[in-house]
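**Student:** So the sequence shown is residues -20 to -1, 1 to 169, counted in mature numbering (1 follows the signal peptide of the UniProt record, and there is no 0).
Honestly, I wouldn't trust all of these hints.
Computed cross-link-like contacts, DMTMM-like style, restricted to lysine to aspartate or glutamate with a CA-CA straight-line distance of at most 20 Å [unchecked claim]: (1) Lys81 x Asp71; (2) Lys81 x Glu70; (3) Lys166 x Asp66; (4) Lys127 x Asp103; (5) Lys104 x Asp66; (6) Lys42 x Asp17; (7) Lys104 x Glu73; (8) Lys104 x Glu70; (9) Lys166 x Asp103; (10) Lys109 x Asp79; (11) Lys42 x Glu70; (12) Lys16 x Asp108; (13) Lys81 x Asp38; (14) Lys109 x Asp130; (15) Lys141 x Asp71; (16) Lys16 x Glu70; (17) Lys141 x Asp130; (18) Lys16 x Glu44; (19) Lys104 x Glu120; (20) Lys16 x Glu31; (21) Lys42 x Asp66; (22) Lys81 x Asp66; (23) Lys16 x Asp38; (24) Lys141 x Asp103; (25) Lys141 x Glu120; (26) Lys16 x Glu100; (27) Lys141 x Glu128; (28) Lys81 x Glu31; (29) Lys81 x Asp62; (30) Lys42 x Glu100; (31) Lys141 x Asp66; (32) Lys81 x Asp130.
For the record, the hints were derived by calculation from the structure and aren't laboratory data.
Computed from a predicted model, the values in this text were never measured in an experiment.
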Amino acid sequence: MKMIKNGIAAIALASLPLLGACSEAKDDATATASTKDDGTLTLAAAITGEEGMSKLRDALTKSELSGLLEGPGSYTVLAPTDTAFDALGEDGEALFADDQKPMLIALLRDHMVPGHLTPEAIDKAIVDKGGPVTMTTLGEGQVTFAKEGDAITVSMPGGAKAKFAGTAVAANNGVIIPLDAVLLPKKEG
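Please put together the full structure from these sequences, using the hints given.
**Tutor:** Here it is, written out as structure tokens:
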């Protein structure tokens, strides 16, 4: 099963447009990217069970996107931790207001990419390409994965950037990769 998931991840990376440069960033406490396999759970159930993901779980419920993560489609969730949401302060709290639901949905869709992509597969794609790898999110945005030393980073146009922060979780319909920051779109004006 693990070989099939890794093969799917490699195919997903190869079939998506590889645009621009990508770098890899990791949590300062993590020397290498790693994934724990909990293939018995869906993404939604795995997020519910992960410590430090309560705000993401609440955001997915509020946005009504949690059902997507219960289904058969395979997704990689770039998952901001509770600390990442807390760092947004009042702006982060405002995302949960009823009138901000469309913004919350858009934000969360830009934190999801199609396929079962582990940090190890992303790292391999960066190494194989010799630089950053760019993918399209479910929100039709772009994220670029790159390496900074031993760390894997993910960035968006406009300067939003985060590092992989801890151990990823492989569920039966995708992967959860914790991030140390929320990838916010560039403010207009």
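**Student:** All hints, please: hold or fail.
**Tutor:** Evaluation of the provided hints:
Of the supplied pair hints, the one linking Lys81 and Asp71 holds, its CA atoms being roughly 13 Å apart against a limit of 20 Å. Our distance criterion of 20 Å between C-alpha atoms is met by Lys81 and Glu70, whose separation comes to about 16 Å. Restraint check for Lys166 and Asp66: satisfied, since their Cα atoms lie roughly 19 Å apart, inside the 20 Å limit. Distance check on the hinted pair: Lys127 and Asp103 sit about 8 Å apart at the alpha-carbon level, within 20 Å; holds.
Our distance criterion of 20 Å between C-alpha atoms is broken by Lys104 and Asp66, whose separation comes to about 32 Å. Taking the CA atoms of Lys42 and Asp17, the gap is about 27 Å. The hint is violated against a cut of 20 Å. For the hint linking Lys104 to Glu73, the alpha-carbon distance of about 36 Å lies beyond 20 Å, and the restraint is violated. Taking the CA atoms of Lys104 and Glu70, the gap is about 38 Å. The hint is violated against a cut of 20 Å.
The suggested pairing of Lys166 with Asp103 is violated, with an alpha-carbon distance near 26 Å, which exceeds 20 Å. Restraint check for Lys109 and Asp79: not satisfied, since their Cα atoms lie roughly 42 Å apart, outside the 20 Å limit. Straight-line distance between C-alpha atoms of Lys42 and Glu70 comes to about 17 Å, which keeps the hinted pair within the 20 Å bound. Of the supplied pair hints, the one linking Lys16 and Asp108 is violated, its CA atoms being roughly 23 Å apart against a limit of 20 Å.
About 12 Å separates the Cα atoms of Lys81 and Asp38, which keeps this hinted pair within 20 Å; it holds. The straight-line distance between the Cα atoms of Lys109 and Asp130 is roughly 16 Å, inside the 20 Å bound, and the hint therefore holds. Taken as a hint, the Lys141 and Asp71 pair is honoured in the structure, with Cα atoms around 17 Å apart against an allowance of 20 Å. Among the hinted pairs, Lys16 with Glu70 is inconsistent with the structure: their alpha-carbon atoms are about 33 Å apart, more than 20 Å.
For the suggested pair Lys141 and Asp130, the alpha carbons sit about 16 Å apart, so the restraint of at most 20 Å is met. In summary, the hint linking Lys16 to Glu44 is not supported, as the alpha carbons are separated by about 27 Å, beyond the 20 Å threshold. A C-alpha spacing of about 24 Å is found between Lys104 and Glu120, which places the hinted pair above 20 Å, so the restraint is violated. Using a Cα cut-off of 20 Å, the hinted pair Lys16 and Glu31 holds, with the two alpha carbons roughly 14 Å apart.
Restraint check: the Cα-Cα separation between Lys42 and Asp66 comes to about 17 Å, which is no more than 20 Å; the hinted pair holds. Our distance criterion of 20 Å between C-alpha atoms is met by Lys81 and Asp66, whose separation comes to about 18 Å. Between the alpha carbons of Lys16 and Asp38 the distance comes to roughly 23 Å, so the proposed pair goes past 20 Å and is violated. In summary, the hint linking Lys141 to Asp103 is supported, as the alpha carbons are separated by about 17 Å, within the 20 Å threshold.
A threshold of 20 Å between alpha carbons decides the hint, and for Lys141 with Glu120 the separation of about 17 Å falls inside it, so the pair holds. Distance check on the hinted pair: Lys16 and Glu100 sit about 11 Å apart at the alpha-carbon level, within 20 Å; holds. Between Lys141 and Glu128 the CA atoms are separated by roughly 12 Å; this keeps the pair inside 20 Å, and the hint holds. Note on Lys81 and Glu31: the hinted pairing is violated, with a Cα-Cα distance of about 24 Å set against a maximum of 20 Å.
Proposed proximity of Lys81 and Asp62 is supported: the alpha carbons are some 19 Å apart, at most 20 Å. A C-alpha spacing of about 31 Å is found between Lys42 and Glu100, which places the hinted pair above 20 Å, so the restraint is violated. Under the criterion of a C-alpha separation no larger than 20 Å, the hint pairing Lys141 with Asp66 is consistent with the structure, at around 16 Å. For the suggested pair Lys81 and Asp130, the alpha carbons sit about 36 Å apart, so the restraint of at most 20 Å is broken.
Consistency note: the structure conflicts with the earlier hints numbered 5, 6, 7, 8, 9, 10, 12, 16, 18, 19, 23, 28, 30 and 32.
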